[in-house]
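These protein sequence lines map, in sequence, to chains C and U.
Counted the way the numbering used here counts, the first sequence spans residues 1 to 204.
Counted the way the numbering used here counts, the second sequence spans residues 1 to 201.
The set of hints was computed from the structure by calculation and includes no laboratory data.
Computed from a predicted structure; not experimentally measured.
Even glycine gets a Cβ: it sits at the ideal position worked out from N, Cα and C.
Do not take every clue at face value.
Said to hold, decoys possible - Calculated cross-link-like contacts (lysine-lysine; reagent style BS3-like; alpha-carbon spacing at most 30 angstroms):
1. C/Lys174 / U/Lys13
2. U/Lys13 / C/Lys177
3. C/Lys174 / U/Lys197
4. U/Lys95 / C/Lys60
5. U/Lys35 / U/Lys87
6. U/Lys197 / C/Lys177
7. C/Lys177 / U/Lys5
8. U/Lys4 / U/Lys197
9. C/Lys60 / U/Lys87
10. C/Lys32 / U/Lys197
11. C/Lys32 / U/Lys35
12. C/Lys169 / U/Lys197
Said to hold, decoys possible - To spell it out: a stretch of chain U is covered by chain C in this simulated footprint if at least three of its residues, at any positions, have a beta carbon under 8 angstroms from a beta carbon of chain C; those stretches are:
13. 70 to 79
14. 102 to 112
15. 164 to 175
Below are the chains, spelled out letter by letter.
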Amino acid sequence: MNLFNLFLKSVFVDNMIFAYFLGMCSYLAVSKTVKTSAGLGLAVTFVLVITVPVNYLINKYLLSPGALAWISPRLAEVDLSFLTYILFIAIIAAIVQILEMIIETFTPSLYAALGIFLPLIAVNCAILGCSLFMQERGFSNIGEAAVFGLGSGIGWLLAIVAIAAIREKLRYSKIPKGLEGVGISFIITGLMGIAFMAFMGFKL
Amino acid sequence: MNVKKLLIEPLRKANPVTVLVLGICSCLAVTAKLKPALVMGASVTLVTAFSNLIISLLRKGIPNRIRIIVQLVVVSTLVILVDQFLKAFAYEVSKQLSVYVGLIITNCIIMGRLEAFALSHGPGESFLDGLGNGLGYSLILIIVAFFRELLGSGTLLGYQVIPQSWYEAGYQNNGLMILPPMALIVIGIIIWINNSKTESK
């Protein structure tokens, strides 16, 4: 598959929030203002671009059936795929921790912008979900995995900034009492999801 | 130890999904049919209960700074057990759930309960708390799946419920209910009903 098509597909058609509901918790909790939600969106994109290719390599050279053949032919029959979850989540937690330290040392301004969100990201479902989708779809090279990570991250950023903008305006409208806050955000997300379904017809 | 309170409260008053808004992430996509929703609910309940129990037993030995990693390792080990079990005994359902079984690891309910409850309470209480929260979560999953399958496909657990004569009289399944966005709208309505009931009391 052409890389540009893959990018468009992961931003719009397979949008992490509207098509798969991944990362909903932080999506609902942090989307109160556009500024903070853009910060979190950027942090998620950043982490996805790094973790998906790394997990691609882990999957290819460690986990998939017969992947250990590069160490010695005797290991060719070993199938470690049952370890997927534990390894992926450990890699993600480690990368988030390392990134936090690197960003803090070298670019304090970026750290001030992303800092508070980074620890949240280790347990964001979108990150683990993206790695698992990558494994399920079997991309043929690391470039595709990176583009998939980038596209999914940007799709997530788009979704959270859009809902934050709507919620900022929503403060001035009259909403039935029990529906205020979380309830209305769910319904708006549902409606936005229906709008995004228009992209499903695109054949890329 | 107040067993009843620990088990009943998460079902309505402190429901993890509708009141605390946790754990919506991995699980709306599994509510198009009742059967995967039941399996998912049972898996999450088991994982929440046992991870709460294990972390509570270990809580005095875990250094505070690395507790997140320890929690993730315990939870993902339990999820691997559930996943292997499903693959062995319910292969069809495990295919339908696909990556969402793995995503139980990052389900915020589990991490939330570990942080808020298991780290400061004894094993027995923690187990019950995990069980209660898992059940509260399953309850919402089952309600949503019930309406989506009934209105969307006219079946429940795969058996036809809407009588054939209705279809002949012109009744049609609402295809919109099967699509993912409707799950969000159904939950929004549940939250609305729940909120207005608790307020009027």
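Tested hints:
no.: 1; hint: C/Lys174 / U/Lys13; result: holds (26 angstroms)
no.: 2; hint: U/Lys13 / C/Lys177; result: holds (18 angstroms)
no.: 3; hint: C/Lys174 / U/Lys197; result: holds (20 angstroms)
no.: 4; hint: U/Lys95 / C/Lys60; result: holds (22 angstroms)
no.: 5; hint: U/Lys35 / U/Lys87; result: holds (15 angstroms)
no.: 6; hint: U/Lys197 / C/Lys177; result: holds (11 angstroms)
no.: 7; hint: C/Lys177 / U/Lys5; result: holds (28 angstroms)
no.: 8; hint: U/Lys4 / U/Lys197; result: holds (22 angstroms)
no.: 9; hint: C/Lys60 / U/Lys87; result: holds (22 angstroms)
no.: 10; hint: C/Lys32 / U/Lys197; result: holds (26 angstroms)
no.: 11; hint: C/Lys32 / U/Lys35; result: violated (35 angstroms)
no.: 12; hint: C/Lys169 / U/Lys197; result: holds (27 angstroms)
no.: 13; hint: 70 to 79; result: holds (count 5)
no.: 14; hint: 102 to 112; result: holds (count 7)
no.: 15; hint: 164 to 175; result: violated (count 0)
The structure shown violates the earlier hints numbered 11 and 15.
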